[in-house]
Amino acid sequence: MSDTLSRTPLYSLHVELGGRMVPFAGWEMPVQYRGIIEEHMAVRKTAGLFDVSHMGEARVRGKDAAAFLDRIMTNEMSSIKPGMARYTVMCQPDGGCVDDLIVYRLNENEFLICLNASNAQKDLAWMKSLVGRFKVEVIDECNAWAQLAIQGPLAEKILSLVTSLPLASIKRFGFLTGEVGGASGCLVSRTGYTGSAGFEIYLPAASAEKVARAILTAGQPHGLIPAGLGARDSLRLEANYPLYGHEISEKISPIQAGLGWTVKFSKPEFVGREALRRQAEGGPASSVVLFSLDDRRIARQGAQVFAGDTPVGEVLSGTQSPVLGKPIGTALIAAGYTGSSELTVDIRGIRLPLQIAVEPFVK
Amino acid sequence: MSQVPAELHYTKDHEWVRLANDGTATIGITDHAQAALGDVTFVDLPKTGKTFAAGDVFGTVESVKAASDLYSPISGEVIETNAALNDTPDLVNREPYQGAWMIRVRVQNPAEVSSLLNAAGYAALL
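From first to last, the protein sequence lines stand for chains F and D.
The numbering of the first sequence is this note's numbering, which starts it at 1 and goes up by one.
The numbering of the second sequence is this note's numbering, which starts it at 1001 and goes up by one.
These aren't lab readings, by the way, just hints derived from the structure by calculation.
Honestly, I wouldn't trust all of these hints.
Sample of chain F residues lacking proximity to chain D, with all beta carbon distances greater than 10 Å (derived) [stated by the list, open to error]:
id	residue
1	E38
2	K122
3	S129
4	I139
5	S160
6	G174
7	A206
8	E209
9	A280
10	R296
11	Q320
12	F361
In silico SDA-like links for lysine to any residue, alpha-carbon gap of 25 Å or less [claimed, not checked]:
id	chain 1	residue 1	chain 2	residue 2
13	D	K1012	D	N1118
14	F	K128	F	L106
15	F	K251	F	P360
16	F	K264	F	N116
17	F	K210	F	L243
18	F	K326	D	A1035
19	D	K1047	F	D295
20	F	K251	F	A285
21	F	K45	D	G1038
22	F	K45	D	L1091
23	F	K326	D	N1118
24	F	K326	D	F1042
25	D	K1012	F	R20
26	F	K128	F	A168
27	F	K122	F	R133
28	D	K1047	F	D294
29	F	K128	F	G182
30	F	K264	F	R277
31	D	K1050	F	D295
32	F	K326	D	A1067
33	F	K326	D	N1093
34	F	K326	D	G1099
35	D	K1012	F	K251
36	D	K1047	F	R348
37	F	K326	D	A1119
38	D	K1050	F	D346
39	D	K1050	D	S1114
40	F	K326	D	S1114
Yeah, the Cβ is synthetic: ideal placement off N, Cα and C, and Gly gets one too.
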């Protein structure tokens, strides 16, 4: 990785809005503007606008595009209808995750794929290495696109003030292309990473600032505020969405992460199929659980989990849930202990009981 | 810009000390420290009666982002802790120098105060 941090097209807007800029996945991004809790609650109650332009994009096109993606992704790609998107994982042969992605089907032979910022170049190289005889092109479009996410119960109302696209007609994981905030060539999908309603907007990088300002201006009277990566993390954890490098990684498979629903064994062949099938049938050695604590201390990444005095796992993510008013997190727990009612987590030498949650805290 | 009240003494770790004229002192964290931490969710404070030497960890302040140790700027016995921080830890963000004092200590060695930074010295670090 290079030593210099990349900046999104909205860098100067973040600074103008008082964003505290921090390094994240090779990018200089706003972790917060006025406060993580305030931004979090705006998304739950009104709306928040996130710059997610650090995310990468790949275009896959050609006669074999659908067949190629069926081969390299765990979920079924050939059955996505044009105008719809699908969440999937891309695995290594051993079942570890290369990345988790959202795949948009633009037309019969063309897909746009959203890549995690930290994995974008790795993903592109991985996809290209698997092309082989497939009649397909894998094109790096990371620099062409900016991305905004408008999330919250008022997101649709606010976005409708700056676009004539019929937003109400967009189904969950559906998308439309057209003009937003005076910029043409935008893709608007009903997707998100917060557990609240909302949209993600892919837009030409050169138009990003104009569109972001238009949305902020239109949304301000309705309570829309800019939101940073800090709130994005606490929001996604309340909704139990995985973050690459935490709940999924090259070491943690989709089966372990509770993402078995994205792995379609009905497909005859895809990268990782045999390893994942063994895990699904025999049960993985460890799996990811969601938990809360009845305490004020936050169990953070790396904190050890015990059953009695036996170490049985460790925390993968941890934060304070603004909605619950208590700490929540995820942990990787050894098989046989995930249902235990006697799990504790060590926080600075204090063992606190850990409550396993069976449902996300926000749905 | 962060506030740095002139009448307080400071550490380079961003704690402040307010000396009273009865041989006690209150200790908290600076405006700069609370801003860097972000939303504070919990302040873990010691029991009264405990004694700390200058530089000892006397507690932890936890924000959404991170947990940070609190270092005692001077040596002393804890004679009171700020119970208000139990229910309203966000006082640390709102009133770092007033409502969010953390511990009151009986000062053991007044000479230690001279090794702390004054407001100008602390402001120069920010």
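- Message: Next pair to validate is D:K1012 with F:K251; report whether the Cα-Cα distance is within 25 Å.
- Response: violated (40 Å)
- Beyond 10 Å from each Cβ of chain D, as asserted for F:G174: holds (33 Å)
- Are the Cα positions of F:K122 and F:R133 separated by 25 Å at most? Within the cut-off at roughly 21 Å; holds.
- Message: With the threshold set at 25 Å, check whether the alpha-carbon distance from F:K251 to F:A285 stays at or below it.
- Response: holds (12 Å)
- Message: So if I understand the rule, the pair passes when the alpha-carbon distance is 25 Å or less; does D:K1047 with F:D295 pass?
- Response: holds (18 Å)
- Going straight from one Cα to the other, do F:K326 and D:A1035 come out at no more than 25 Å? Distance of about 22 Å is within 25 Å: holds.
- Pair hint outcome, F:K128 versus F:L106 [Cα-Cα no greater than 25 Å]: holds (20 Å)
- Item | Straight-line alpha-carbon gap F:K326 to D:N1093, limit 25 Å | holds (18 Å)
- Task: Determine whether the non-interface label on F:R296 survives the test: each CB of chain D must be over 10 Å from its CB.
- Result: Violated, because the least Cβ-Cβ distance between F:R296 and chain D comes to about 4 Å, which does not exceed 10 Å.
- Query: Is the Cβ of F:E209 farther than 10 Å from every Cβ of chain D?
  - Reply: Non-interface label stands for F:E209: nearest chain D Cβ at 26 Å, farther than 10 Å.
- Item | Non-interface label on F:E38, tested against every C-beta of chain D at 10 Å | F:E38 not clear of chain D: closest Cβ-Cβ about 8 Å, inside 10 Å.
- Message: Over 10 Å from every CB of chain D: does F:Q320 meet that, or does the non-interface label fail?
- Response: violated (5 Å)
Hint violations for this structure: numbers 1, 10, 11, 17, 23, 26, 29, 35, 37 and 40, all remaining hints satisfied.
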